[in-house]
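If you're matching them up, the sequences are chains A and B in order. The first sequence begins at 0 in numbering that gives the first Met the number 0 and counts up one residue at a time. The second sequence begins at 0 in numbering that gives the first Met the number 0 and counts up one residue at a time.
Misleading hints may appear alongside valid ones.
Stated by the list, open to error - Chain A regions said to be covered by chain B (calculated; three or more residues, Cβ under 8 Å):
(1) 22-34
(2) 45-51
(3) 64-76
(4) 126-136
(5) 140-149
(6) 232-241
(7) 280-292
Claimed, not checked - Simulated DEER-style distance windows between Cβ atoms:
(8) Pro211(A) <-> Gly60(B): 54 to 62 Å
(9) Leu43(A) <-> Val43(B): 39 to 47 Å
(10) Glu273(B) <-> Phe54(A): 23 to 31 Å
(11) Leu35(B) <-> Gly75(A): 28 to 36 Å
(12) Asn71(B) <-> Thr150(A): 29 to 37 Å
(13) Leu64(B) <-> Arg74(A): 38 to 46 Å
Since the hints were derived computationally from the structure, they do not count as laboratory data. Just so it is clear, CB atoms sit at the ideal spot from N, CA and C, and this is done for glycine as well.
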Amino acid sequence: MAEATFGTRPPNSPLVGTASRRRSEAVVRLVLTSGGLLSMAISLAIVLSLAYEAFLFLSSIDLSQLVAPGWFPRRGMFDLLTLFLGTAMVAGIAMLLAAPIGLATAIYLSEYASPRVRRTVKPVLEILAGVPSVVLGFFALTFISPNVVQTIFPTAQGFSFMAAGLGVGILTIPLVASISEDAMRAVPRSLREASYGLGARRITTTFRVVLPAAISGVMAAMILAISRTIGETMVVAVAAGATGGSLRTANPLGPGQTLTAAMASLATGSDQVTGDSSAYLSLFFLGLLLFGVTLLLNVAGDVVVRRTRQKY
Amino acid sequence: MASRSAAAIVVQGSLRARSRDWGGSILQVLLVLALLFSLATLLVLVFDQLAKALPVFQERGVDFLTSGLSSNPANAGVAQGIVGTAVIAVLVSLLAFPLGIGTAVYLEEYAPDNRFTRLLVLNIRNLAGVPSVVFGLLGLSVFVAALAAIGMGNGRNLISGSLTLTVLVLPIVIITTSEALRAVPNTIREAGFGIGASRWQVVRKLLLPAASPGILTGTVLALSRALGETAPLIVAGAVLGSFSNTGASVADTLTGPYTALPVIVYDWARKPQEEFRALTAAAIIVLLVITLIANAVAIVFRNRAEKTW
Chain A
0 MAEATFGTRP PNSPLVGTAS RRRSEAVVRL VLTSGGLLSM AISLAIVLSL AYEAFLFLSS
60 IDLSQLVAPG WFPRRGMFDL LTLFLGTAMV AGIAMLLAAP IGLATAIYLS EYASPRVRRT
120 VKPVLEILAG VPSVVLGFFA LTFISPNVVQ TIFPTAQGFS FMAAGLGVGI LTIPLVASIS
180 EDAMRAVPRS LREASYGLGA RRITTTFRVV LPAAISGVMA AMILAISRTI GETMVVAVAA
240 GATGGSLRTA NPLGPGQTLT AAMASLATGS DQVTGDSSAY LSLFFLGLLL FGVTLLLNVA
300 GDVVVRRTRQ KY
Chain B
0 MASRSAAAIV VQGSLRARSR DWGGSILQVL LVLALLFSLA TLLVLVFDQL AKALPVFQER
60 GVDFLTSGLS SNPANAGVAQ GIVGTAVIAV LVSLLAFPLG IGTAVYLEEY APDNRFTRLL
120 VLNIRNLAGV PSVVFGLLGL SVFVAALAAI GMGNGRNLIS GSLTLTVLVL PIVIITTSEA
180 LRAVPNTIRE AGFGIGASRW QVVRKLLLPA ASPGILTGTV LALSRALGET APLIVAGAVL
240 GSFSNTGASV ADTLTGPYTA LPVIVYDWAR KPQEEFRALT AAAIIVLLVI TLIANAVAIV
300 FRNRAEKTW
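Just chain A, with the same shape it has in the complex (with noise of 0.2 Å):
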């Protein structure tokens, strides 16, 4: 970053310049610096915030409404067990479909496919991941459930799990595709030459050469992609169903709800809630958690790449 333009600045020497032109700078570095120290004050209101807010809803309640037999958030039932296994489920399923066809694709595009392949393909899953997600929401709801999901699984219900699940798989795997094309084709040329030279055949280089140099990267967008599932709100909160609350389930077929489907129903329409009441304050709690959980894992995903990094 800085340390690239290091070496190019300036002796710091007689050539300063004038008066007026070190004015100038020096109001342009302010102005540019203030920027840099903008990103971080939103940092710190969106923590300072929901702390505030969700400490004021945990101390609203009784400790023991945070577990109940399902989330009711305007019955004062607040069990977060009920959005965890949902969140699980969600990403559980989401990943199951992401991360072979992602990793797949990564491989296919970084190992197998011709430039021109390359070239046009690419473009396609930048657009799928630009699909709005309630875009995405709807289509799992009105084609992904009776077409896919109640075919396969006949006891299934209309809004499902499953359904979402799915749904926001597709939305991730580009997201595990792209990052990992882009570790196996950082991995130098040589070694897949040194492979072939070996008498090597193009399966087993990859496998056995590419992937396990790229193993940092592949691992580093599996944890985004997790991370990514967890946060995606409104595929769920379309295809998921539940409105209002869900008992506590562990039904991938059935609706319910999860951390992000359950603040996108609080907030919204039938169930808005507003004031004070515990159940708007349990909003920012939610929040607080699912902050604190993606924030874990892309810290996480900092961490792998770090450690299991090797340098070419």
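Place chain B on chain A using the hints.
Same frame as chain A, now just chain B:
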């Protein structure tokens, strides 16, 4: 080929694998299938929505785009959503692009390489990974509250919504701009300093023009992201259900109740009446046209600008 020597034929024959590499072939087929899965999904999604939306566009035509929200599916339209999304696009561009590009210039060209700068960079990378719904909470507790405090009604208006989305896309703009600036080789900077340019002159006259394709791509992608986001707007107070515009003036539009295209999609997707299924699909088509065009523009920019120094 006829001129190949006998020795060459023998050598080639012995180099060729003894048998067909079945494992390799099967793997390759599997890999292609994985790739086709994404492409097929995208196609199915678009055509499924088109098929569902077609009756609406046939019956209603432009009327669907120009009529307001209504609980009666026969005359519900997306006009307010289009207005909301357009205003959000303008405000987010005005706010997020200068701020994001400025921050990236600071981090890449001005900031000293010390612990604080590294903390800033780490912080921005983490902000990019924060779920969008959390930004909605920030909008609700900071922007909505602030606007309400200075007397803009209940604060749930296009200004607070746009500020929320600005904060959401800011990390994306910063990261892509930083990458574009980093791709400009140091020789360009050295040449600028060598002829006596100040740091700001180097940035403005040399680096920003050289990095502009990459910056443009990043900003367009960020904008497309902002236009497709639903969760932050719902949390930060976009209206679900119908509302009437209190007036047509710019001030009323900015400070009154609002909605946006993706919010309408969410609202209609939850309605039980069958007629709203088709309307939802039609609204999705309008939304997809906007976001996918933005994405495609960004991709074209980048492909055209891929420059090797």
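Violations among the numbered hints, reported as their numbers in ascending order: 3, 10, 11
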